[in-house]
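Visitor: Using the sequences plus the hints, can you model the full thing?
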Amino acid sequence: MTDDTIDPVEGAPENGAQPGSWNVRIIDLSGASEDEDDTVEVVKDFIDLMHANAYARAYVRDSIERCRTPGASSKEVLENWFAFGENAEVVDAGEDGWKSSTELEDFAATPATPMERDWRAIDPRRLVDDEEIAGPPDDDDDEDDENRHEVIRH
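If you're matching positions, the sequence shown starts at 132 in my numbering and goes up one per residue.
Derived from the structure by calculation, the hints contain no laboratory data.
Backbone N, C-alpha and C fix where the C-beta goes; we use that ideal spot for every residue, glycine too.
Honestly, I wouldn't trust all of these hints.
SDA-like mimics (lysine to any residue), calculated; alpha carbons at most 20 Å apart, straight line [claimed, not checked]:
(1) 230 / 214
(2) 175 / 227
(3) 230 / 242
(4) 230 / 165
(5) 206 / 236
(6) 230 / 241
(7) 175 / 206
(8) 175 / 254
(9) 230 / 257
(10) 175 / 152
(11) 230 / 249
(12) 206 / 249
(13) 175 / 257
(14) 206 / 152
(15) 175 / 236
(16) 175 / 223
(17) 206 / 241
Across the chosen pairs, the derived CB separations fall in these ranges [as the list claims (entries may be wrong)]:
(18) 242 / 162: 33 to 39 Å
(19) 161 / 204: 30 to 36 Å
(20) 236 / 162: 21 to 27 Å
(21) 226 / 204: 27 to 33 Å
(22) 197 / 257: 26 to 32 Å
(23) 176 / 206: 36 to 42 Å
(24) 172 / 225: 17 to 23 Å
(25) 204 / 258: 24 to 30 Å
(26) 201 / 246: 20 to 26 Å
(27) 181 / 206: 30 to 36 Å
(28) 202 / 165: 20 to 26 Å
(29) 167 / 246: 33 to 39 Å
(30) 200 / 234: 27 to 33 Å
(31) 197 / 256: 28 to 34 Å
Guide: In structure tokens form, the structure reads like this:
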């Protein structure tokens with residue numbers, strides 16, 4: 132296997148990096164950021180390219196919706212987005228990375244559902260593993276169970 136392919140079993144990025152090393156660059160379209168390339172932040176550690184692409188797409192979808200004003204035409208929505216919005220691109224993904232340019236017109240023409248714009252739900256900074264959810268192991272005997280109160284929700 133060469134370095135420019137994706138291993139479907141391991142999900143290794145085509146850039147030769149380890150799984151979980153895809154990054155998405157958030158770009159300020161207003162030109163108000165301090166960086167030369169208008170990068171606001173770089174979100175790191177996506178599970179695989181599909182995860183990074185889905186995040187970038189949802190982030191741009193949300194940005195466009197935040198720029199949508201009541202009664203605005205799709206052209207006005209795009210003008211607002213280019214003036215005040217944020218773009219997202221998958222770093223080092225080449226042709227396999229999602230590109231906002233392929234869907235901008237559709238996004239501007241059709242308002243998004245809450246699910247389509249929920250980039251927070253797939254943000255790698257918010258993902259936790261099963262051990263974090265379970266909490267620390269319970270090494271105590273069951274003696275304390277009789278003193279434990281149960282919360283019942285109605």
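Visitor: Now tell me, hint by hint, if it's right for this structure.
Guide: Results of checking the hints against the structure:
Between residue 230 and residue 214 the alpha-carbon distance is near 18 Å, which keeps this suggested pair within the 20 Å criterion. Restraint check for residue 175 and residue 227: the C-alpha separation of about 17 Å stays at or below 20 Å, so the hint holds. For the hint linking residue 230 to residue 242, the alpha-carbon distance of about 19 Å falls within 20 Å, and the restraint holds. Pair hint residue 230 plus residue 165 does not hold up; C-alpha atoms about 24 Å apart against a cutoff of 20 Å.
Taking the CA atoms of residue 206 and residue 236, the gap is about 8 Å. The hint holds against a cut of 20 Å. At most 20 Å may separate the alpha-carbon atoms for a hinted pair to count; residue 230 and residue 241 meet this at roughly 18 Å. Between residue 175 and residue 206 the CA atoms are separated by roughly 32 Å; this puts the pair beyond 20 Å, and the hint is violated. As the CA atoms of residue 175 and residue 254 are separated by approximately 9 Å, the hinted pair is consistent with the 20 Å bound.
Taking the CA atoms of residue 230 and residue 257, the gap is near 24 Å; set against the 20 Å cutoff, the hint is violated. For the suggested pair residue 175 and residue 152, the alpha carbons sit about 7 Å apart, so the restraint of at most 20 Å is met. A distance of roughly 18 Å separates the Cα atoms of residue 230 and residue 249; the hinted pair therefore holds under the 20 Å criterion. With a C-alpha separation of about 24 Å, the suggested pair residue 206 and residue 249 falls outside the 20 Å cut-off, and the hint is violated.
Using a Cα cut-off of 20 Å, the hinted pair residue 175 and residue 257 holds, with the two alpha carbons roughly 11 Å apart. Only pairs whose Cα atoms come within 20 Å are accepted, and residue 206 paired with residue 152 is rejected, the gap being roughly 36 Å. At roughly 28 Å between alpha-carbon atoms, residue 175 and residue 236 are farther apart than 20 Å, so this suggested pair is violated. As the CA atoms of residue 175 and residue 223 are separated by approximately 12 Å, the hinted pair is consistent with the 20 Å bound.
Restraint check: the Cα-Cα separation between residue 206 and residue 241 comes to about 12 Å, which is no more than 20 Å; the hinted pair holds. As the Cβ distance of residue 242 to residue 162 is approximately 26 Å, the hint placing it in 33 to 39 Å is violated. Range check, residue 161 to residue 204: about 21 Å between beta-carbon atoms, so the 30 to 36 Å window is missed. At roughly 23 Å, the beta-carbon separation of residue 236 and residue 162 lies within the given 21 to 27 Å, and the hint holds.
Taking the beta carbon of each, residue 226 and residue 204 are about 32 Å apart, inside 27 to 33 Å as hinted. Between residue 197 and residue 257 the beta carbon distance is about 20 Å. The supplied range of 26 to 32 Å is therefore violated. For residue 176 and residue 206, the Cβ-Cβ distance of about 37 Å falls inside the hinted range of 36 to 42 Å, so the restraint holds. Hint check: residue 172 to residue 225, Cβ distance near 22 Å, so the stated range 17 to 23 Å holds.
Checked against the hint of 24 to 30 Å, the pair residue 204 and residue 258 fails, with Cβ atoms roughly 38 Å apart. Checking the proposed 20 to 26 Å range against residue 201 and residue 246 shows it holds: the Cβ atoms sit about 22 Å from each other. Residue 181 and residue 206 have their C-beta atoms about 32 Å apart, which keeps the hinted 30 to 36 Å range intact. For residue 202 and residue 165, the Cβ-Cβ distance of about 34 Å falls outside the hinted range of 20 to 26 Å, so the restraint is violated.
For the pair residue 167 and residue 246, the beta carbons lie near 35 Å from each other, so the given range of 33 to 39 Å is met. With their beta carbons about 20 Å apart, residue 200 and residue 234 fall outside the hinted range of 27 to 33 Å. Against the hinted window of 28 to 34 Å, the Cβ-Cβ separation of residue 197 and residue 256 comes to about 20 Å, which falls outside the hint.
Hints 4, 7, 9, 12, 14, 15, 18, 19, 22, 25, 28, 30, 31 from the list above are not met by this structure, while the remaining hints are.
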